[in-house]
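Top to bottom, those sequences are chains V and F. Just so we're aligned, residue 1 is where the first sequence starts under the numbering used here, counting upward by one. Just so we're aligned, residue 1 is where the second sequence starts under the numbering used here, counting upward by one.
Careful: at least some of the hints might be erroneous.
Across the chosen pairs, the derived CB separations fall in these ranges [what the hints assert, rightly or not]:
| # | chain 1 | residue 1 | chain 2 | residue 2 | range |
| --- | --- | --- | --- | --- | --- |
| 1 | F | Arg500 | V | Ala51 | 52 to 62 Å |
| 2 | F | Arg192 | V | Val22 | 58 to 68 Å |
| 3 | F | Pro209 | V | Val26 | 38 to 48 Å |
Derived by calculation from the structure, the hints in this document are not laboratory data. Backbone N, C-alpha and C fix where the C-beta goes; we use that ideal spot for every residue, glycine too.
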Amino acid sequence: MEKLNYRHVAASRAKGEKHQAVVGVVASGNLEVLVERSLPERECEVDIRTAAEGFGEVWQAVVADFVERRSPGGLKFSINDGGARPDMVALRLAQAARAVEGEQV
Amino acid sequence: MTVWDSARRAREARLQAGARYAQGKRVERKDATALLEAVMQPGDRVCLEGDNQKQADLLAQALAAVDPGKIHDLHMVQSGVVLPEHLDVFELGIAKRLDYAYSGPQSQRIAKLLFGGKIELGAVHTYLELFARYYVDLTPQVALIAAVSADRDGNLYTGPNTEDTPAIVEATAFKDGVVIAQVNQIVDKLPRVDIPGDWVNFVIESDKPFYVEPLFTRDPAAITETQILTAMLAIKGIYGPYGVQRLNHGIGFNTAAIELLLPTYGERLGLKGKVATHWALNPHPTLIPAIESGWVKQIHSFGSEVGMDDYIRARSDVYFTGPDGSLRSNRAFSQVAGLYACDMFIGSTLQIDLQGNSSTVTADRVAGFGGAPNMGSDARGRRHPSAPWLQAGKEADPDGPAPLRRGRKLVVQIGETFGDKNVPMFVENLDALKLAEKLNLELAPVMVYSDDVTHIVTEEGIANLLLCRDKDEREQAIRGVAGYTDVGRGRDAKMVQRLRERGIIRRPEDLGIDPLDADRRMLAARSIKDLVRWSGGLYDPPSKFRNW
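Please build the complete structure, drawing on both the sequences and the hints.
Set out below in structure tokens:
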């Protein structure tokens, strides 16, 4: 089990007022993302517990792109990863942001 | 005095030696190995029928049981290395040299035998190429084939899984070879004649039907959102704009997703009747919803697919069927159709390098290619125009004079940036190169060459390689859709941005696609059971795909 944590400054605050949401499942090749609106407006934090070790650089790149594309200011993401591939991680992060912004997943 | 019919005389001698085990053409199952020992000679070229689908399994077992003291150093020239017996014959010293096209399930063991020097490898071919060599320099002295039924005269009904049989038998029978068939049963009257009896020398009735692998069945339940996204990109970014009507799909979940999105997403884009109407394709169960929705006009098949026979029989407007109503497949002709009469091949691969060469050979697996290198290549002998072919040709050479400009086949590689177990699809160097070095091969086993591939589709977008003007642009276009792989993260961000502005790279958002819309609810069928329902109960899936 590897623990990773990334903090970013987002361009703007995430839309909506919803306090939290969960997407995905903890399963092999999948991941669960809990998103909470608990940080100051421009801050974003992604906290990861992953079964697959040694992919820190990839996580860092996926998270940085996500923050740039979705601008999830004020959101803290907690990830339980079952060895998902980066494309799945990017998708679940985007789904989590959309869920807390109030749209249907 | 020169003898001009030595091979014919040799065949007569072989047939006479075999005749002591036969009544007419019929040989008892228990005498199968003795028959082979009687008609074969050490060093013979032997075609043991078997490809990625049907298998002459009884004859494979019989061959693996011959005495290596009598029969040895055989040169196997066969489409597929699939059954354990196909490699047992090498371990036992019965066979020595191998020329083949495909090895799925045995890819690991074949690698070990190659490394251990037990197999002398000729080449890894594409199917059509191997068939071609049956008529030039790899003509079999003995062919061991499989059919559904035979009559007393040796006429054969090969049925829906005719596949390679006609190509093998024609080359063998008309060049003084011996043809031995295993059949599921011997009957008085055949449903139809697929192989005339005077091309067949011996017939053995098997105790069970020849094995057929359901290789082209993909369970919709296993299709991921990322695969759906790649399918949406392909439909909206390639099928639509080029107007691809005549095509072949490779095996895989990405192309299965495309098939299942045609009646939903494709319909919404208004593409019905404009794309994907004429196919060189096996009877993919995942195409049933598109067929039932009226998308598909015609399909010619390389082989059949387990469980599809009743459905095919009831849809003869779509499939090629005989007077008896059942499918007639023919791998050689379908490969020719895929090469010359299709405007697009789209399929998956395991590795793509920085120039776009791709291969399914990895460090410890020598999988072979089957038909992909043939379907996935530009036919330089093609002379008839079509809109997608001309369009692709124009993109590759915008300044050339139109009447003298070759068109181009669209050769599309589709996949996720990371495959199973997080293994990247994009690599600096193909494992095929390492293999070639290790085995001292003159040619690395490349599936699709860089100068044939026109587009690469991943969840990151579409790279249109036709529009690249030099090696650097090509490399950055590939890196640009390679996502978070090492190759992808090694991209030049500024150059990739410029390629995007020129439409060489198109991201989902450039095509108006929101990745969050890639949802399993878009699939026309989300399970095997849904496919059965779409078929009106005519599709009868093999038990391993039934979970109800």
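We went through each hint and held it up to the structure:
{"no.": "1", "hint": "F:Arg500 - V:Ala51: 52 to 62 Å", "in the structure": "35 Å, violated"}
{"no.": "2", "hint": "F:Arg192 - V:Val22: 58 to 68 Å", "in the structure": "60 Å, holds"}
{"no.": "3", "hint": "F:Pro209 - V:Val26: 38 to 48 Å", "in the structure": "44 Å, holds"}
In this structure, only the earlier hint numbered 1 is contradicted, and the remaining ones agree with it.
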